[in-house]
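Asks: Sequence:
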Amino acid sequence: MPFYGKGIMAEHLYLRAPGEKRRAPPGMKAVIHLDEPGASGYPIHHNLDRLLVTPLPPTPAVSAFLLAALGVWAADKLLPRNSTPDAWTREIVLHLPANPEGARLAPQLAQILNFLTGDNWTIKTRKSPLDLKFGGRWDRSWQPQAVALFSGGLDSLAGAIDQLEEGNRLLLVSHHDYGQLASTQQALAGALASHYGPDRVQHLNLRVQFPEAPELTLRSRSLLYLALGVSTAAAFGPDTPLLLPENGWVSLNPPLTLNRLGAYTTRTTHPYFLEQVTRLWGDWGIKHPVINPYQRFTKGEVLGQSRNPELLRQLAGGSTSCARPVASRWRRRPAGECGYCYPCLLRRAALHRLGWDRGDDYLVDALAGTETLRHRVRGRDLRALLLALGTWEETPAAMTSRVYWGKQGRASAREYTETRRLLASGCQEIKQLLQDKGWALLISFLGPA
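Each residue of the sequence shown is one higher than the last, beginning at 226 in our numbering.
Treat the hints loosely; a few may be bogus.
Claimed, not checked - Within a straight-line C-alpha distance of at most 25 angstroms, the following computed SDA-like cross-link-like pairs (lysine to any residue) qualify: (1) K656 - P480; (2) K254 - H270; (3) K246 - P282; (4) K512 - S353; (5) K358 - Y267; (6) K246 - Q336; (7) K246 - P285; (8) K656 - E619; (9) K662 - R538; (10) K349 - Q501; (11) K254 - W363; (12) K512 - F498; (13) K246 - H258; (14) K358 - T284; (15) K662 - G543; (16) K512 - K246; (17) K512 - P354; (18) K254 - W313; (19) K246 - Q434; (20) K656 - T644; (21) K358 - H258; (22) K512 - E619; (23) K358 - D464.
Derived from the structure by calculation, the hints contain no laboratory data.
Could you put together the complete structure from these sequences and hints?
Replies: In structure tokens:
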């Protein structure tokens, strides 16, 4: 097995296509398959047979991209980062089935993955059947004007409401790998269908699970989500848009502290990543545009400009933003938002902007006293937010300079101006929450003003 870099061994993984008879070459760390009975290796459990073959069947390019995303996602979960010398960067050689265009574009895909996950990827392709055996049938008299990714979070809920209020017809696509998230997605989609009518909105809930998951950072999950979305959109024609509603703060994800630079800050909806993916699709013959309508807005601004704030407020409590959705099990408490992770804190700041925040809605009210702040694990994200606020107050340019654009050279004047405004508004949301509900934390951590 070859070595790359400073003593880092490349791990070879092999994704077997459905029905593929060829044997994996020797030296594979793992062989992954799509839950085929009797197949050896690691299974990906799924219900991808629900993906649509009508009105149009998937093209080879769409099937090849979905297979690639499945292989990347499984590899990302299977290989632990803590086994590498820097406890982060892995050398991954992924062997994928592909069509000729996919083989030609393998280096381009590897570059995108390097940016997305912070690893060093090599993609090796082989000619193989690409039939994933989609079997879903679109039996409605209408067709959606767009496919919208629907995670069960606040942004995707707000995005669906805004689109439906504009009169658009939507097919919502969700991905889940555990039952609690599926229930959240189904309940929210059901509420939207009840309000707007089944002739305006439908929901496709897709299950993709990979039980072998020692690695939890999951930088690649957005690639899988996009692949499921574009595989759905492909049934309605090559130009059907794919909507990805995500607030601009999370999309750019400015590093809060100096130890969160680079890929330590997730890039799942980063504009550069989305730009490169759509360019790859275009070269592959996949024409669906990816649109993030909230790229320039904070989470609070997204909620504040809702086209139906009454409905959004009614349904917001049923959405989930938490990065630790199973924290309730560890604390032997009923299911709910943890309250102390970064997404929960951003959610609280956004809801507080509208007067909708309640600390009692979380397993832990991180702003009630200083217990969470002082906790080594539960206080980590809260301390980082406080440090970021201190940096912004003292030297805004320092925080702005941490934003990674993903391309050579500096940001354009327009990008810089928009980002500076976004950071100012986002920091103000967070500061207002802490001033109104966590002043003791500010004093304890930053000292008196």
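Asks: Please go over all the hints and tell whether each is borne out by the structure.
Replies: We went through each hint and held it up to the structure:
Straight-line distance between C-alpha atoms of K656 and P480 comes to about 17 angstroms, which keeps the hinted pair within the 25 angstroms bound. Between K254 and H270, the direct Cα distance comes to roughly 20 angstroms. Compliance with the 25 angstroms bound is thereby established for this hinted pair. A hinted pair counts as satisfied when its Cα atoms are at most 25 angstroms apart, and K246 with P282 qualifies at roughly 24 angstroms. Simply put, K512 and S353 have alpha-carbon atoms about 23 angstroms apart, close enough for the 25 angstroms limit, and the pair holds.
As the CA atoms of K358 and Y267 are separated by approximately 19 angstroms, the hinted pair is consistent with the 25 angstroms bound. About 30 angstroms separates the Cα atoms of K246 and Q336, which puts this hinted pair outside 25 angstroms; it is violated. Between K246 and P285 the alpha-carbon distance is near 19 angstroms, which keeps this suggested pair within the 25 angstroms criterion. Proposed proximity of K656 and E619 is supported: the alpha carbons are some 14 angstroms apart, at most 25 angstroms.
Restraint check: the Cα-Cα separation between K662 and R538 comes to about 21 angstroms, which is no more than 25 angstroms; the hinted pair holds. The hinted pair formed by K349 and Q501 meets the criterion: a straight-line CA distance of about 20 angstroms does not exceed 25 angstroms. Proximity of K254 to W363 is assessed by CA-CA distance (about 40 angstroms); at most 25 angstroms being required, the pair is judged violated. Of the supplied pair hints, the one linking K512 and F498 holds, its CA atoms being roughly 17 angstroms apart against a limit of 25 angstroms.
Under the criterion of a C-alpha separation no larger than 25 angstroms, the hint pairing K246 with H258 is consistent with the structure, at around 12 angstroms. Taken as a hint, the K358 and T284 pair is honoured in the structure, with Cα atoms around 12 angstroms apart against an allowance of 25 angstroms. About 23 angstroms separates the Cα atoms of K662 and G543, which keeps this hinted pair within 25 angstroms; it holds. A C-alpha spacing of about 32 angstroms is found between K512 and K246, which places the hinted pair above 25 angstroms, so the restraint is violated.
Straight-line distance between C-alpha atoms of K512 and P354 comes to about 22 angstroms, which keeps the hinted pair within the 25 angstroms bound. With a CA separation close to 18 angstroms, the supplied pair K254 and W313 stays within the 25 angstroms bound. For the suggested pair K246 and Q434, the alpha carbons sit about 23 angstroms apart, so the restraint of at most 25 angstroms is met. Between K656 and T644 the alpha-carbon distance is near 18 angstroms, which keeps this suggested pair within the 25 angstroms criterion.
This hinted pair checks out: K358 and H258 have alpha carbons roughly 14 angstroms apart, not beyond 25 angstroms. Restraint check for K512 and E619: the C-alpha separation of about 45 angstroms exceeds 25 angstroms, so the hint is violated. Taking the CA atoms of K358 and D464, the gap is near 23 angstroms; set against the 25 angstroms cutoff, the hint holds.
In terms of the numbered hints stated before, the structure departs from hints 6, 11, 16 and 22, listed from lowest to highest.
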